[in-house]
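For this one, chain R is given, so just place chains H and X on it according to the hints.
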Amino acid sequence: MEHLIDIVLLGLLMITGFAIVRLRSLLAVAMLTSIYSLLSASLFVVLDAVDVALTEAAIGAGISTILILATVALTSDEEKVPRHTPLLPLVVVIATGAALIYGTLDMPHYGDPAAPVHRDVASSYLHDTPADIGVQNVVTSVLASYRGYDTLGEVTVIFTAGIGVLALLGYRTRRRNSQGPGNRKLVVLRVVAKLFFPLILLFALYVLFHGDYGPGGGFQAGVIFATGFILYALAFGLGNAQRVIPHQLLRIMAAVGVLIYAAVGIESMLLGGKFLEYRVLADDPVTGQHLGIMLIELGVGITVVAVMLIIYYGFVSRLHSGDM
Amino acid sequence: MMDLILDVLSWVCLLGGAIFLLIGAIGVLRFPDFYTRLHAVSICDTLGAGLVLVGLMLQGGLSLVTVKLLLIFYFMIFTGPSAVHALAEAALQDKLKPLVDEREP
Amino acid sequence: MFITVSIVILAAIAVGLVRAFRGPTLYDRVLAANMIGTLTVLMVAVLGFMTGRPEFLDIALVYVLISFVSTIAVLRVVALRTGTTGAGKK
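Chains as they are written, first to last, in our numbering: chain R, 1 to 324; chain H, 1 to 105; chain X, 1 to 90.
Hints are not guaranteed to be accurate.
What the hints assert, rightly or not - Computed list of chain R residues with no C-beta within reach of chain X, every gap over 12 Å: (1) Ile-68; (2) Leu-168; (3) Leu-281.
What the hints assert, rightly or not - If you want a taste of the chain H side facing chain X, the calculated C-beta under 8 Å gives, among others: (4) Leu-21; (5) Gln-59; (6) Leu-62; (7) Lys-68.
Hint data in this document are derived by calculation from the structure and do not stem from the laboratory.
Note that CB positions come from ideal geometry on N, CA and C, so glycine has one too.
Looking at chain R on its own, in the form it has when it is part of the complex:
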């Protein structure tokens, strides 16, 4: 019976994908992309992958949609009609898809305990996490502790993306106090934005520090935090948003996050362990692990907030009216 929900969700995903391809209005396509992300996140929920669903919800349905909308606002609303027939691309796609599906026929069944991915490393992580690290969320323990070096690379990638956007788009400061199309029109939105802004930030902090016990962690928390500021910028204009969190501060924050992460690694080296070995950070190894995980999640969160807002500022400051 649960398979029925899976099948219906996949069918809806297919319909949405088809609609995204066929529609010409790019604003509608942006909204449909957000629906696509929501449906995939529901699929992850059905598959029992809670952290992935939270990340997909926060990033796919939120930040990604907003950045696509900013791009559409900067370029054009209608997709150009294609001038060539898609026959050759169709043949290539069908051939590649058939080859991929043929390749999956050899894979083990979903959830098979004898599959190689479940035997060696994964089972040792599941077995050792309560003793070594003592957090309840194994995803966080793998992400932050066992594979902490990987996550350092991910944070650096996000930081590099921020630098890339800064280099390509630059940033124009808005000198005048732009407030949008008249204050009276946005009254309801402004009241609700003021009401929700602190709640969103608090919820982001909750997700950050609750990542040990439930779904959460640095990436999701950073994205939710940035979404709060984007809501403020949408309601009150980019000029006011810059007075709340200036661009210079964002550039510093982006670097500080990565620095915190690397500093934790170097600190553990100075205390006698290897790079990013949290055990040595405190007297008790488990406390050291907790401390290390908390610090690096904080670093990740700070960098993600800063980079998301840098990208948003970079896009929106180029609009002629100076606001979105």
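Leaving out everything else, chains H and X in the frame of chain R:
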């Protein structure tokens, strides 16, 4: 006995809420004009959501789960109608004409 | 049962998708997207109870806030455009 009453009540709320959501969706499909569809969504969606969340709260009992459900309900009460308001305002600014009955009385 | 409720909500999502695909103006599509967002929040909450894992409520909380922000973002982009074009955007 009390458990049974709470269970039955929560099922009634859950099913009632789901049916209201379905009715709202059918209304969005069948109403003739954008502004009428706005009515269907904003009323039926918020009511259905409230009933479903109350049903889940009765299932959850007094715990952190109920507090989170209350938070979701609180957010939905605010964001649902204000999103619909923003939609109506944007459509009005774009001079989207509502469907008006122009027959002679 | 919970499964019945989630099937009904999925049916409502499907109906909303039809409107999102068909809706003659852009605002119909935005409305349908907003409705699907609310329905997905409820479905995730019900699914969380169904699988016995109330941690999914965090996801539902995130969706409520995020879908609101993205609806407002679409409407602000549209408001940018309505200075130049006429009535009834596609």
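These are the hints, each one checked on the structure:
A cut-off of 12 Å between C-beta atoms contradicts the statement that R/Ile-68 is not in contact with chain X; the least separation is 9 Å. Every CB of chain X is more than 12 Å from the CB of R/Leu-168 (nearest about 21 Å), matching its label as outside the interface. Residue placement check: R/Leu-281 keeps its beta carbon more than 12 Å from all beta carbons of chain X (closest about 28 Å). Interface restraint check: H/Leu-21 against chain X, minimum CB-CB distance 5 Å, threshold 8 Å, status holds.
Annotation: interface hint on H/Gln-59 holds; nearest CB of chain X at approximately 6 Å, less than 8 Å. Interface hint at H/Leu-62: violated, since its Cβ lies 13 Å from the closest Cβ of chain X, which is beyond the 8 Å cut-off. At a threshold of 8 Å, the smallest CB-CB gap from H/Lys-68 to chain X is about 4 Å, leaving the interface hint in force.
Of the numbered hints listed earlier, those contradicted by the structure are 1 and 6.
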